[in-house]
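Residue-level listing of the chains:
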Amino acid sequence: MAKLSDIQNVFIRQEIEEYLERPEEISRNIELFSRAKVSMQEIAAALIEGEDDKVDQLTRNALDQGIEALEIMDDGLISGMGIVGIKFREAMIFVPEVLACARAMKAGMKHIEPILSDSGVEPIAKVLMGTVKGDLHDIGKNLCIMMLRGSGFDVVDLGVDTSEDEFIDAIETHQASILGMSALLTTTMPNMGKTIEALIDADMRDDVAIMVGGAPVTQEFSDDMGADGYGKDALSCVTLAKKLVAEIVQ
Amino acid sequence: MPKIDPKEIQKRMDRITHMFEDMVTHADKVSLTRCPYRNRKDHCTAEFRCRNQKLSKDLGNDSIFCLHDGTFDYSKAWENNPLVYKKVKARVQNIRAEGKKRRAKIARKRED
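Protein chains in written order, with this note's numbering: chain A, 1 to 250; chain B, 1 to 112.
No lab work stands behind these hints, which were simulated from the structure alone.
Idealized CB from N, CA, C, for every residue including glycine.
Hints are not guaranteed to be accurate.
In the DSS-like style, the derived pairs of lysine-lysine whose C-alpha atoms are separated by at most 27 Å in a straight line are [to be verified]:
1) A:Lys110 / B:Lys7
2) B:Lys11 / A:Lys126
3) B:Lys11 / A:Lys243
4) A:Lys54 / A:Lys106
5) B:Lys89 / B:Lys109
6) A:Lys242 / A:Lys106
7) A:Lys126 / A:Lys110
8) A:Lys37 / B:Lys100
9) B:Lys41 / A:Lys54
10) B:Lys100 / B:Lys87
Covered, in the sense of this in silico footprint (three residues per stretch, anywhere, with C-beta under 8 Å from a C-beta of chain A), are these stretches of chain B [as the list claims (entries may be wrong)]:
11) 3-14
12) 19-26
13) 35-48
14) 96-110
Could you put the whole structure together from the sequences, leaning on the hints where they help?
This is how it looks when you write it as structure tokens:
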């Protein structure tokens, strides 16, 4: 049976010691990290810290050293994210930290994706996500992006305060099949409708399926604006995106 | 590049999805009592202004702190006021109607 001292990375040892309380989780993580290569422990540590640049660099180095993509996913990225999940559940970190860790995971996955693609695993679809003009709220959108990426979608994040023109330009540039718009204010919600109208004016409405979401948005608003679907939260966003892809394929 | 069994990849993707599902579900729960923009150091990470933000100068560093006591249902702040809802609904319908009119006008001009 592995011991905590078998884990070479000091940070990972401290994380297990300080933050994990359930005996089965402690033993599982000690087992997992003690057999992981030092470089994998480093990736996991950087991911737990939300250091996307470091995860990016360490993942690239690991692949260059000939470490297999699945090993990097298992022992570096997923195992690190496992610790993040526990810390979040135990209220030791909160949503902003989780999102930083998800960004770090994405930074690592960026190097793995070409290998997946080469193995015949392509992204489900490309999705553009942005918060509409005048709105600076991004947590809901970012949680949706985290879920979509985790579910195999290729997501381009347009950020907050995205104008109609910026949405149109992004559709042209990225050739995405789905556009997701988010708004958290009743005052900015109509800008989703304006963007849809701008797409019709630009003769681009049929180029993308449009999904909308955000706290004040309802199915009724979605229908009024002429969107193709409404997702009430990050989980339903993924279900909706898959449904829209299925409709596009048909 | 060495190829990987797609089934093995799918297993990992399923694990990631499952982890994220748990996190997102927990995030929804936590956000009922704690603002999701508030980080573990009680700093506000939002790009917008909020009355609960406390400027750093008073607290001796460069961050903006969240000073809310965390006792409210955060989601309530986002609930729709029926009057505002009606107004916004009319605005949304108007945007669509105006768009249709505009395009019909352009089409007529083209025909002429």
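- Message: Checking one constraint from the list: CA of lysine 41 of chain B to CA of lysine 54 of chain A, max 27 Å. Satisfied?
- Response: holds, 22 Å
- Message: Count the residues of the region 35-48 of chain B whose Cβ falls closer than 8 Å to any Cβ of chain A, and tell me whether that reaches three.
- Response: holds (count 9)
- Item | 27 Å Cα cutoff - pair lysine 11 of chain B, lysine 126 of chain A | holds, 21 Å
- Query: Given as covered by chain A, does the region 19-26 of chain B meet the bar of three residues or more with CB within less than 8 Å?
  - Reply: n = 8 at 8 Å, threshold three: holds.
- Pair hint outcome, lysine 54 of chain A versus lysine 106 of chain A [Cα-Cα no greater than 27 Å]: With Cα atoms ~12 Å apart, lysine 54 of chain A and lysine 106 of chain A stay inside 27 Å; holds.
- With a cut-off of 27 Å on the C-alpha distance, tell me whether lysine 100 of chain B and lysine 87 of chain B pass. holds, 20 Å
- Checking C-beta pairs, does the region 3-14 of chain B have three or more residues closer than 8 Å to chain A? holds (count 9)
- Query: Are there three or more residues in the region 96-110 of chain B whose C-beta lies within less than 8 Å of some C-beta in chain A?
  - Reply: holds (count 5)
- Item | Pair hint outcome, lysine 37 of chain A versus lysine 100 of chain B [Cα-Cα no greater than 27 Å] | violated, 62 Å
- Query: Given the hint that lysine 89 of chain B pairs with lysine 109 of chain B, does the C-alpha gap stay at or below 27 Å?
  - Reply: violated, 31 Å
- 27 Å Cα cutoff - pair lysine 242 of chain A, lysine 106 of chain A: holds, 20 Å
- Query: Is lysine 110 of chain A close enough to lysine 7 of chain B, meaning Cα to Cα at most 27 Å?
  - Reply: Answer holds: lysine 110 of chain A to lysine 7 of chain B is near 20 Å, not above 27 Å.
In terms of the numbered hints stated before, the structure departs from hints 5 and 8, listed from lowest to highest.
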